[in-house]
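Throw the hints in and build the complete structure from the sequences for me.
Number of protein chains: 2
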Amino acid sequence: MLSKATLKLIKSLEHKKYRKESGLFVAEGGKTVNDLIDCGIKAEAVFATEKWIETHKLSGGIKAETVTEEELKRASFLCAPQGVVALFRQPSYSIDMNAPKERLCLALDNVQDPGNIGTIIRIADWFGIEELYCSTGCADAYSPKTVQATMGALGRVKVFYVDLPAFLGEAKKSAPVYGTFLDGGSIYGKSLCNNGIIIMGNEGNGISDSCAQHVNERLFIPNYPAGRSTSESLNVSTATAIICSEFRRRIS
Amino acid sequence: MLSKATLKLIKSLEHKKYRKESGLFVAEGGKTVNDLIDCGIKAEAVFATEKWIETHKLSGGIKAETVTEEELKRASFLCAPQGVVALFRQPSYSIDMNAPKERLCLALDNVQDPGNIGTIIRIADWFGIEELYCSTGCADAYSPKTVQATMGALGRVKVFYVDLPAFLGEAKKSAPVYGTFLDGGSIYGKSLCNNGIIIMGNEGNGISDSCAQHVNERLFIPNYPAGRSTSESLNVSTATAIICSEFRRRIS
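Line order of the protein sequences matches chains A and P.
With my numbering, the residue at position 171 of the first sequence is 171, and numbering never jumps.
With my numbering, the residue at position 143 of the second sequence is 143, and numbering never jumps.
Derived by calculation from the structure, the hints in this document are not laboratory data.
Just so you know, not all the hints are guaranteed correct.
If several chains are the same, the list does not tell them apart, and a pair holds so long as it fits within one copy or across any two.
[Unchecked claim] As a list, the in silico BS3-like pairs of lysine-lysine whose alpha-carbon atoms are at most 30 Å apart:
#1 Lys11 x Lys31
#2 Lys8 x Lys101
#3 Lys4 x Lys73
#4 Lys73 x Lys31
#5 Lys11 x Lys42
Quick look at the structure:
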């Protein structure tokens, strides 16, 4: 059964303030929960319905506590609960300043939409990008909406919240820094490295001046055909997907 | 002012049934509304606050009816209303069976999420794809959520709801039909044409057998590095973006 105190704790984790205080976050659904466990994210508690437990297995020999359908529904943040809700401890990673020199990394400058952050984590995971540097103004990667949008990829991508301009200022000493701008050069024709940092900007305003000053390659995804009247821009997660694909294509 | 009957009509357009009966849809925000007008989509009525009217102009010399902030808020489907709500007539296009032979087109097989449909329309617009063939099981392109996600691109991309397997069976006689499959060949290494149809599949199940039988090029977006444990797949709109970019890159 699910105690009142536990239910209250779970529901409080919708808010960043309580996630920060407790260091916890919520994940739901067998695939997402097991992916996180498999990646070494610590499950503090897992709650599942009897029906779910009968037909599923948790990774790492972890046992779920049985709750009723009604209790699970109350604990869940989803419209269609998936039988299992877990409390995880937010991992804390230490920053490796050599990472951008050695491999391709992503940075987000004030990306606001939790769904975009989740989708971008999933894209990073697909393209083997294991470091995501978020400016402190970005949406929180551990909100329920973001966690679900990552589809389990959150365990395989390290998310850091950093003073992004300061971090980029340091990183650019030893690694290329790429940014996307509406006046940048076509990504199809640019030479791209297999290391460095790609910065993606805010949904409405793009990359801020304080980050842009550290960019040494300005990229653009050309619309087609050139000169046709079209949307002002692509959504930030759409653009991230195209850019990551283009970097990886060159070396695959 | 906004009459009770008009408000009721607007709110009814959240539901596909009433959109179908009336042939209308709702769009909000100056950019989206003007983009649709500029593309020749017929505005039946436009409602805006005095403040909005003072600082904005509608395309085509159209005059907005003044409503109060409170009325606009009631009419709006957005959490943060943008000062203007418009009623548009759904355009009806006739299918040009030569389109896939002459240019690149997109097809969606049972894509369920209204946000995905909207994002895909915006991607199609960016890459100059003007025909989108949706299976009858796809979410409706004229739902308020989809219209807003297209950011005005809906006026520049023709959306058709068709019996997709039958349509593909006919189209493949004169044009290549591409589909994305987890067991497809790397898109980076495939030869891609500047015409034909690209099919994108359902969020959970991919492309159905009845559509897959018409595919003559099976594509896959390789994850990186090959063999690394990663997410099972990319989101359908993410995958659409990468594939459209790759087709357009070859000819740009």
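Practice task
Go through the numbered hints given earlier and state which of them the structure violates, listing their numbers in rising order.
Solution key: 2
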